[in-house]
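**Student:** Can you make the complete structure from the sequences, with help from the hints?
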Amino acid sequence: MSRLGALGARLYRGEVGYDFVGKRKIWYGISILITITAIVGLAVRGLNMGIEFKGGAVFTVPSTSVSVAQAQEDTEKASGHDAIVQQLGNGGLRIQVTELDTKQADAVKTQLAEDLKVDEAKINADLVGPSWGETIANKAWTGLGIFMILVVIYLAIAFEWRMAVAALIALIHDLTITVGVYALVGFEVTPGTVIGLLTILGYSLYDTVVVFDSLKEGSKDITKQTRWTYSEIANRSINSTLVRSINTTVVALLPVAGLLFIGGGFLGAGMLNDISLSLFVGLAAGAYSSIFIATPLVADLKERDPQIKALKKRVLNKRAAAAAKGEAADGPADTDTEEDTEPGEAAAPAAAAAAGPRGRGAGGRPSGRRR
Amino acid sequence: MAAPNKGRRQAGSPGRPGRTLALFLIAMVALTGGMFWSGHVTPRLGIDLAGGTSITLQAKNTPGKPNAINKTNMDTAVSIIERRVNGLGVSEAEVQTQGDENIIVNIPKGTNEKQAREQVGTTAQLYFRPVLTVAAGGQTAPAPTASGSPSPSGSPSPSTSASGEKASEPSSSATPSSSATTQGRAVTDALKKDDPTPTGSASGSPSAPATPDPAATPSADPATAALEKKFTDLDCTKEAQRTKANQGAAPKDTIVACGKNSGDQWEKYILGPAELEGTDVDDAKGVLDPQRGMWIVTMDFTGGGTKKFQSITGKLSQQQPPMNQFAIVLDGNVVSAPSVSQTLGGSAEISGSFTQQSAQDLANILSYGALPLTFEEQSVTTVTAALGGEQLHAGLIAGAIGLALVVIYLVTYYRGLSLIAILSLAASAVMTYTIMALLGPGIGFALNLPAVCGAIVAIGITADSFIVYFERIRDEIREGRTLRPAVERAWPRARRTILVSDFVSFLAAAVLFLVTVGKVQGFAFTLGLTTVLDVVVVFFFTKPVMTILARKKFFASGHSWSGLDPERLGAKPPLRRSRRASAPTEPKEA
Numbered sequence: 000m001s002r003l004g005a006l007g008a009r010l011y012r013g014e015v016g017y018d019f020v021g022k023r024k025i026w027y028g029i030s031i032l033i034t035i036t037a038i039v040g041l042a043v044r045g046l047n048m049g050i051e052f053k054g055g056a057v058f059t060v061p062s063t064s065v066s067v068a069q070a071q072e073d074t075e076k077a078s079g080h081d082a083i084v085q086q087l088g089n090g091g092l093r094i095q096v097t098e099l100d101t102k103q104a105d106a107v108k109t110q111l112a113e114d115l116k117v118d119e120a121k122i123n124a125d126l127v128g129p130s131w132g133e134t135i136a137n138k139a140w141t142g143l144g145i146f147m148i149l150v151v152i153y154l155a156i157a158f159e160w161r162m163a164v165a166a167l168i169a170l171i172h173d174l175t176i177t178v179g180v181y182a183l184v185g186f187e188v189t190p191g192t193v194i195g196l197l198t199i200l201g202y203s204l205y206d207t208v209v210v211f212d213s214l215k216e217g218s219k220d221i222t223k224q225t226r227w228t229y230s231e232i233a234n235r236s237i238n239s240t241l242v243r244s245i246n247t248t249v250v251a252l253l254p255v256a257g258l259l260f261i262g263g264g265f266l267g268a269g270m271l272n273d274i275s276l277s278l279f280v281g282l283a284a285g286a287y288s289s290i291f292i293a294t295p296l297v298a299d300l301k302e303r304d305p306q307i308k309a310l311k312k313r314v315l316n317k318r319a320a321a322a323a324k325g326e327a328a329d330g331p332a333d334t335d336t337e338e339d340t341e342p343g344e345a346a347a348p349a350a351a352a353a354a355g356p357r358g359r360g361a362g363g364r365p366s367g368r369r370r
Numbered sequence: 000m001a002a003p004n005k006g007r008r009q010a011g012s013p014g015r016p017g018r019t020l021a022l023f024l025i026a027m028v029a030l031t032g033g034m035f036w037s038g039h040v041t042p043r044l045g046i047d048l049a050g051g052t053s054i055t056l057q058a059k060n061t062p063g064k065p066n067a068i069n070k071t072n073m074d075t076a077v078s079i080i081e082r083r084v085n086g087l088g089v090s091e092a093e094v095q096t097q098g099d100e101n102i103i104v105n106i107p108k109g110t111n112e113k114q115a116r117e118q119v120g121t122t123a124q125l126y127f128r129p130v131l132t133v134a135a136g137g138q139t140a141p142a143p144t145a146s147g148s149p150s151p152s153g154s155p156s157p158s159t160s161a162s163g164e165k166a167s168e169p170s171s172s173a174t175p176s177s178s179a180t181t182q183g184r185a186v187t188d189a190l191k192k193d194d195p196t197p198t199g200s201a202s203g204s205p206s207a208p209a210t211p212d213p214a215a216t217p218s219a220d221p222a223t224a225a226l227e228k229k230f231t232d233l234d235c236t237k238e239a240q241r242t243k244a245n246q247g248a249a250p251k252d253t254i255v256a257c258g259k260n261s262g263d264q265w266e267k268y269i270l271g272p273a274e275l276e277g278t279d280v281d282d283a284k285g286v287l288d289p290q291r292g293m294w295i296v297t298m299d300f301t302g303g304g305t306k307k308f309q310s311i312t313g314k315l316s317q318q319q320p321p322m323n324q325f326a327i328v329l330d331g332n333v334v335s336a337p338s339v340s341q342t343l344g345g346s347a348e349i350s351g352s353f354t355q356q357s358a359q360d361l362a363n364i365l366s367y368g369a370l371p372l373t374f375e376e377q378s379v380t381t382v383t384a385a386l387g388g389e390q391l392h393a394g395l396i397a398g399a400i401g402l403a404l405v406v407i408y409l410v411t412y413y414r415g416l417s418l419i420a421i422l423s424l425a426a427s428a429v430m431t432y433t434i435m436a437l438l439g440p441g442i443g444f445a446l447n448l449p450a451v452c453g454a455i456v457a458i459g460i461t462a463d464s465f466i467v468y469f470e471r472i473r474d475e476i477r478e479g480r481t482l483r484p485a486v487e488r489a490w491p492r493a494r495r496t497i498l499v500s501d502f503v504s505f506l507a508a509a510v511l512f513l514v515t516v517g518k519v520q521g522f523a524f525t526l527g528l529t530t531v532l533d534v535v536v537v538f539f540f541t542k543p544v545m546t547i548l549a550r551k552k553f554f555a556s557g558h559s560w561s562g563l564d565p566e567r568l569g570a571k572p573p574l575r576r577s578r579r580a581s582a583p584t585e586p587k588e589a
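In order, the protein sequences belong to chains H and X. Under numbering that gives the first Met the number 0, the first residue of the first sequence carries the number 0, and numbering increases by one thereafter. Under numbering that gives the first Met the number 0, the first residue of the second sequence carries the number 0, and numbering increases by one thereafter.
Honestly, the hints are just simulated from the structure, not real lab data. Worth double-checking, as some hints may not be accurate.
As the list claims (entries may be wrong) - Okay, the calculated bits of chain H under chain X, using three or more residues with CB under 8 Å as the criterion:
#1 144 to 150
#2 189 to 196
#3 211 to 224
#4 250 to 258
As the list claims (entries may be wrong) - Pairwise CB distance ranges, derived in the manner of DEER restraints:
#5 354/X <-> 152/H: 44 to 50 Å
#6 250/X <-> 45/H: 47 to 53 Å
#7 441/X <-> 149/H: 24 to 30 Å
#8 18/X <-> 152/H: 37 to 43 Å
#9 491/X <-> 320/H: 36 to 42 Å
#10 44/H <-> 17/X: 56 to 62 Å
#11 441/X <-> 68/H: 44 to 50 Å
#12 69/H <-> 24/X: 56 to 62 Å
#13 69/H <-> 422/X: 50 to 56 Å
The C-beta atom is built at its ideal place from N, Cα and C for all residues, glycine as well.
**Tutor:** See below:
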């Protein structure tokens, strides 16, 4: 921990750090690549829609000597539709047949009882209408739309419109990747999956907002100084909340990973697996995008703002002048880091904390006047 | 809620962390105590975790409307049934169409099945019809004392009768008469709408068998005669006859109908054309009338409904007491036949022999409107949990392992601080669990798989709140502060971050809850609940505990296992930061 703690300290002071904003093009590229893969996967393989979207019947058969493969063959023969057969923990079978209606289901049940040599009364048939999943999903999309509009308005008020736009792009990025993974892995899409996706929406934005909050604080009164460009401050914000981001992500992912890998290992494919996969992918993507996508995007958008542009010019001019004079403008404590001060360099904002210029938010920690 | 600067001296300010903490603990104990006291120590489980009952309903064609069973009507029916069984959106009942004419309703175990079956099956066609005549309803009813009160007063008892709606000068008040013949006459007279003679009808004495009466006066109008015959033949004590009494009748028809009076005796009515329909009702509630000490259903009308109701009550109120009633007819049965003494508008109430349950059920049904179709219950079966017990079990084990990993990670990284983290998580878990258990009987909340997922994600969101706080504290220590000031200075900033980000989470939950139905709604509820609890726990538990522990030597001195060791955190020695003295600007929240 001591090393981690020290790393946290150095990250905090900006002595070390990864240049997220400077190297944003690489990460944009990676994200675009992943997104394209996801979309291609979606287009080529399509989603494996579950029984709730197609309609059908689920038969639960008590313990039987018939093998899964045999049961599948029997069911497909009896129903004329594709069947998914799962072995249950108690030796029973769960058989899903899509696109069956009530009358057919009764016939299939009788046939199944004969084929699998079990008492017909012991087979439980659960009928699912095709409209159900659809209705739920449609309403969920409506909710998603309304939520996106509201959250953009909220973020535009609480932060600014650029952050709202960046957060929205990051959110769409996360959702696309998750859906794409579903298409590529071929897991069944159930209403549970839809709910998993909605969870991601809440979490992804939550994570982004925490980073933005730090960025907002860091960039307060930015135009009143000439030391750092907006991108550098954005980068510093990411780095200073990096420990938090990592910790939060680990804590959020561990239980989900437990469900996905341990639960999945025990049970094979199942409903828990469905949901935990969408959660796992979505949470990971959400944490990734708030650092690598959302904040750099804000910086990109911000740098187009005339005021910020002017600031960047001033900062660069000042640095050029300082370099020409061969003199550290920032104070003796950080002379060495000053040498590295180039736009987009990771170490660039390092001196901010130490120097504490003009009591700027995160850049310069104010002293403890109260005590 | 995102306003960061509000109430900075509120709960958790350094002065009285003990008090805040004590209040929180009392609330927690009260909740837990309430849970054990109410006897609901486990949350109600949804149909996917616990199984339940599956009801299959089949739509039936009503005479005169051959093409009523179509997709639009079925979808409307599904959404109305959904609202009826899942009024608050958290009971996890599932309603879906199956094929062209079936609706499947899945209700989780632990729901009042009988009540649910009544709720889903009731068509809820509601009409307000003027009462033309009334009589004791059964052939065999032997002098029920409570019914057929011989003095036709203006009481809300549905036992008195009123004359035809168009009778312009109802001069004579009713003479109580026990003659069945009089009843017959009353019917005839009342039905002759053009007959200017005011008709005084009276409720039959219960001693008289109401049906069939050979002495009924024949009428000139064949339709009237038919109706009259139907009325005299009707035996309201037989269920088959009751249901058939006015089947297929249009709202504009004059009908016969049955209803129970306040004495729980059947009575039969002849009712005029409907003046007001269920669609005119905006909202209905089952409430306890404090004056009469009985349960009633109050209804608020829509704008159009208010006008119609004013018109009908204005007309009726001018009539003499026995003729001023209208009947509230639900699915062909008279639920109540109150009298009117003045012009009313805007709202109405139904009184009758309601219990709390039946009043609230009726209000629920009225609020969500009538089904466009009539349904017949086809089958009722018990379904097993979609998620096998095995899988749930394994899922729980996996979740527990995941949680254990979280604890190990927190201990490794935060050391002493992880004590606070783990306590906060535990407090949050206890609160969530007890509230969920209490909401089961309270509002019918049922925990299903999506809700469990919401709770698992909540671990992340809750943990994040104090991770944000801890990191802020560490940052302050890195600035060279000692622990106690660091704890207080870190709080305003952490608080703002927590509130802003939790607000986004809560917004997502609120929008989803309002817009969606079924499972998604249940999930949104869990997410919203855990988000609110996160704020509560951080404000009233984590922060006070942190403040108290900051006074302990173990933490304050920065013991290497406290997780707050300045050296390990890489704090700069204060000396190096001498220039800071010249930068005294406070951050805004400090």
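**Student:** Could you run down the list of hints and mark each one as holding or not?
**Tutor:** Status of the hints after comparison with the structure:
no., hint, result
1, 144 to 150, "holds (count 4)"
2, 189 to 196, "holds (count 5)"
3, 211 to 224, "holds (count 3)"
4, 250 to 258, "holds (count 9)"
5, 354/X <-> 152/H: 44 to 50 Å, "47 Å, holds"
6, 250/X <-> 45/H: 47 to 53 Å, "50 Å, holds"
7, 441/X <-> 149/H: 24 to 30 Å, "29 Å, holds"
8, 18/X <-> 152/H: 37 to 43 Å, "38 Å, holds"
9, 491/X <-> 320/H: 36 to 42 Å, "38 Å, holds"
10, 44/H <-> 17/X: 56 to 62 Å, "60 Å, holds"
11, 441/X <-> 68/H: 44 to 50 Å, "48 Å, holds"
12, 69/H <-> 24/X: 56 to 62 Å, "59 Å, holds"
13, 69/H <-> 422/X: 50 to 56 Å, "54 Å, holds"
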